[in-house]
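Chemist: Protein chains in written order, with this note's numbering: chain U, 68 to 554; chain L, -10 to 87.
Be aware that one or more of the hints could be misleading.
[Unchecked claim] 20 Å max Cα-Cα, derived DMTMM-like pairs, lysine to aspartate or glutamate:
#, chain 1, residue 1, chain 2, residue 2
1, L, K4, U, D403
2, U, K152, L, D66
3, L, K83, U, D403
4, U, K207, U, E164
5, L, K4, U, E422
6, U, K372, L, D36
7, U, K482, U, D215
[As the list claims (entries may be wrong)] Some, not all, of what chain L presents toward chain U, calculated at C-beta under 7 Å:
#, residue
8, D9
9, V29
10, V58
Keep in mind that the hints were calculated from the coordinates and are not lab data. Backbone N, C-alpha and C fix where the C-beta goes; we use that ideal spot for every residue, glycine too.
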Amino acid sequence: MAELHKLTITELSEKLSAGECTSVDIVTDILSSIDARDGAVGAYLTVDRDDALDQAKMADEARTAGKASPMLGIPVAIKDLLNVKGQPCTCSSKVLEGYTAPYDATVIAKLREAGAVLLGRVNMDEFAMGSSTENAALGKTSNPWNLDHVPGGSSGGSAACVAADEAIASLGSDTGGSIRQPAAFCGSVGMKPTYGRVSRYGLTAFASSLDQIGPITKTVKDSAILLETLCGLDPMDSSSIDVEVPALGEQLTDDTSLEGMKLGLPKEYFVEGMDPEVEKAVRDAVEHCKSLGAEIVDVSLPNAKYAIAVYYIIATAEASANLARFDGIRYGMRLDGKDPAELYAKTRSAGFGQEVKRRIILGTYVLSSGYYDAYYLKAQKVRTLIRSDFTEAFKTCDAILSPVTPTAAYKKGEKTDDPLKMYLDDILTTPVNLAGNCALSVPCGFTSAGMPIGLQIIGDDFQEETILKVGHAYEQTTEWHKERPSL
Amino acid sequence: MSKTHEGMDVGYVAKLACIDLTEEETTLFQGQLNQVLHYVEQLDELDVSNVESTAHAIPVFNVFRKDVVGTSLNHADVMANAPSSVNGEVRVPKIIDQ
Chain U
68 MAELHKLTIT ELSEKLSAGE CTSVDIVTDI LSSIDARDGA VGAYLTVDRD
118 DALDQAKMAD EARTAGKASP MLGIPVAIKD LLNVKGQPCT CSSKVLEGYT
168 APYDATVIAK LREAGAVLLG RVNMDEFAMG SSTENAALGK TSNPWNLDHV
218 PGGSSGGSAA CVAADEAIAS LGSDTGGSIR QPAAFCGSVG MKPTYGRVSR
268 YGLTAFASSL DQIGPITKTV KDSAILLETL CGLDPMDSSS IDVEVPALGE
318 QLTDDTSLEG MKLGLPKEYF VEGMDPEVEK AVRDAVEHCK SLGAEIVDVS
368 LPNAKYAIAV YYIIATAEAS ANLARFDGIR YGMRLDGKDP AELYAKTRSA
418 GFGQEVKRRI ILGTYVLSSG YYDAYYLKAQ KVRTLIRSDF TEAFKTCDAI
468 LSPVTPTAAY KKGEKTDDPL KMYLDDILTT PVNLAGNCAL SVPCGFTSAG
518 MPIGLQIIGD DFQEETILKV GHAYEQTTEW HKERPSL
Chain L
-10 MSKTHEGMDV GYVAKLACID LTEEETTLFQ GQLNQVLHYV EQLDELDVSN
40 VESTAHAIPV FNVFRKDVVG TSLNHADVMA NAPSSVNGEV RVPKIIDQ
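Just chain L, same shape as in the assembly (with noise of 0.2 Å):
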């Protein structure tokens, strides 16, 4: 772990993230990501090879319903939260250039 961090660029993450970051940001959060990136290489001291890991600290597996239709969120109600639509569906801009 220890090597990886020097590696970070934050920018390109962002990038990743699809966040755009000023100038300013990149530069702040690289210092600030390096240090906490830095800090959680403690974790380099334990030996985990042989541990078995933790997705959900209480299991639970294979959690199934009746498949029947349910009542869904009423649509008019949705769609008043579209930044914009039309027809009762949400408009976005074009992805395929025509």
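This is chain U alone, in the form it adopts within the complex (with noise of 0.2 Å):
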């Protein structure tokens, strides 16, 4: 029964419905790989042992009196922003040490009604801020296929556990990038759907009109599968979209052929200092899909060079009003004052860290009197250019590619000092959270010193199905997906 930690929930699903596992062998053996690599890598700031091993055994019981879903019994790791019920939800922030959730959010209650099984939770950059998982304040975590470099993030707790065959799956949220980054920094299948697709409703608001939780898989089917569990309408938040849920899964076939597809290439997207190597993995990958049928056609997204400027006004102003609810007041930390100012004020000084602060000063900043015209509104404004691009875009084509990153993962410590320089590397992913389409990251190769590299699948909204189709016959027709790293 060994090995299973290293298999898929595609085929996980199929050895628990032929009865050749249970859930309880597979979250065992989960446990042992744990155990045995998170020393290294440290993706978990909790796992709940006794917890999953008792999850296991009730999707067990349930599988035995007739319950069937491609969900039931299988392990995944939660992103430590999401409310869970009973355990805590750090953010990886020292504010809400102590804090327990007094709910679900709805993305887990999705999976417990699915009857998967939550491990535990993974590491982040605080608060979702940074694209390292370096900003963490109460865990380190590592790169799986080197040690010594960063998972990416924010979601690089969630990346790297899928990577290092410490869980099956993972669920991550994406407000700049955070899942299609440290994704493809790992190796990983990382998806970020159309906003609104999926429920914010527990889910600790970063950046509200970017934020989307989305799952990171070892492959494309897992991602659809797992993502076909997350979907749809709630009445708890009031940003998701009544559209109706495609069987996202089942169309996933062994046919691997994109004839009739279009497949657009955006020239913008290959900018000023982006590693040589990086590039050719990504324009390879168009050439094999380009062999599997799919036509390429050339688009333009302009004003997507703006899009860092765009994202660091609306995701700071966003997040400097979401994050006035750390207060000391009602949860977390609260180091006391002679009146509730100076609470606020010592609470939140020695609660947030760095980059949280730097990012709240700049939000208030933006969002302040005489200023919001300049920096607010008019970053408003090129956000409706920028989305006017995809739309444009998508006239011609069924889907765009791209690179993910510039870069393959880089070493701890590169870019920690500049903050500038670390926000730049979300250049091409921020276009679509501003623009509010969905995008999957896939595996597509390895740099010579043997990092990942990530292609990116950017689809118009609510349009995973396209993507996903794309990616899964890609993925299907390569081995990248199929290397693991040696731990």
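Assembling the complex is the task here: the two chains are given apart, and the hints tell you how they should meet.
Modeler: The following block contains the structure:
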């Protein structure tokens, strides 16, 4: 029964249905894998050992009683900004130490309903602010492919645990690339769904108009299966949208033809400073899609270059408002003061890390009287242009191909002293958050130093079905996703 | 936009956000945030005077629910998180001098 931790949702689901293994077997094996590897990788903040085994037993009993679901009995790790009832939800911040979630996020409730096993919570940049998981206050996470390298961020723990076979799949959240970039850095598959596709209820808000929850998995098919479980209108999130959820998993068959599919290549996405090895791997992937029958067309996204400037105005503005709730009054850390104002300031100054403080201050500034029009309103207008670029592009193609990041994962400490340099890494992922559409990150090669490279497949609003089809066809006719790090 | 950022007083804005910065943090953030503000000045290249603003990418309007009482979070579970409480209520420092 060994090696179950190395399998996919699809493979394990088949084994479970055939009675070849139980969920308890899978969870037991995953817990051993965590014991063996997490000392080096550091993906987890907390592992709910006994609780996970109890959930596995329940899943096995449900199966015996006739329940069937592709997620039944499958262990999943959760980014530590999603509320899981009765468990901590730290956002990797000192300010939330001691907090116990009094309710389940909608995605957690959906996972429970599908019979998935919640393994524990994984590390992240504090409040999802960062691109390397180095801004985490409560843990240190390494890239499983090279422990001296960052796993990416902010969902660094979510990507690292899947790549290291310490979870079969995980949930992350993507505000400016925080699912796709760590997935690319760790050689996993990451999906940023269309805004409104997945309920944000129970997700600790960073930038509410950009945040989306999504899966990180070992394969595209697994991404489809897990996403299907998470989707749907939720009365608890008024920005969730009432669109039909297609059978995402079932549509992915052995047919890997891309005949009739038009794939756009945006010239602006092969930016200055891009690692030539990354560019080559992505261009090879484009050629590969062509060989599968796709027609490659040139598209233009001329305003994408402004995405970082727009993003760091809008995201910090929204964050400055969202993080006002961490004031030491109702939950989490409190440092007492002689009056409420002193209590707030003492608590927030001690509770937040530097990057969080920096972003709150920037966000407060761009919203402040006299600067609102010059920064925030202007950024919202340029956001319209960025979205219009995608609308135009999708008139001539079904999906867009690009790199996920300009470089592969870098060494720890390389960019921590230069926030702007770190921000610029998100140049290829933030446009999609600003426009609201969906995108998938799929492994497409390795650098000569052995670090994974990601292919980004961008879709129009609610076209997850299309990008999953392209990703699946590419993946099933290449070998990259089968590579595992040697730990 | 270009002339405005020169005036960003990090210490003052931090106060607005209820964050006390050390002197070191103030100096560090002043430099870093001025760099970021300088970077976002590139938006000045664009004439957006006739462009509508986008607050949410996927527009949704007027989401209502029936005006009926639903289940709320368990009071005891919620109050268990309060750093200080008395009689089921959150205790805070005195706001008004008596």
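Chemist: Compare the structure with each hint and give your call.
Modeler: Checked hints:
Restraint check for K4 of chain L and D403 of chain U: satisfied, since their Cα atoms lie roughly 18 Å apart, inside the 20 Å limit. Taking the CA atoms of K152 of chain U and D66 of chain L, the gap is about 10 Å. The hint holds against a cut of 20 Å. A distance of roughly 11 Å separates the Cα atoms of K83 of chain L and D403 of chain U; the hinted pair therefore holds under the 20 Å criterion. For the proposed pair K207 of chain U and E164 of chain U, the alpha carbon gap of about 17 Å is at most 20 Å, so the pair holds.
Proposed proximity of K4 of chain L and E422 of chain U is supported: the alpha carbons are some 17 Å apart, at most 20 Å. The suggested pairing of K372 of chain U with D36 of chain L holds, with an alpha-carbon distance near 15 Å, which does not exceed 20 Å. With a C-alpha separation of about 14 Å, the suggested pairing of K482 of chain U with D215 of chain U holds against the 20 Å cut-off. Hint status for D9 of chain L relative to chain U: holds, with the closest Cβ pair at about 4 Å, below 7 Å.
Annotation: interface hint on V29 of chain L holds; nearest CB of chain U at approximately 4 Å, less than 7 Å. Interface restraint check: V58 of chain L against chain U, minimum CB-CB distance 14 Å, threshold 7 Å, status violated.
The earlier numbered hint that this structure contradicts is number 10, and it is the only one.
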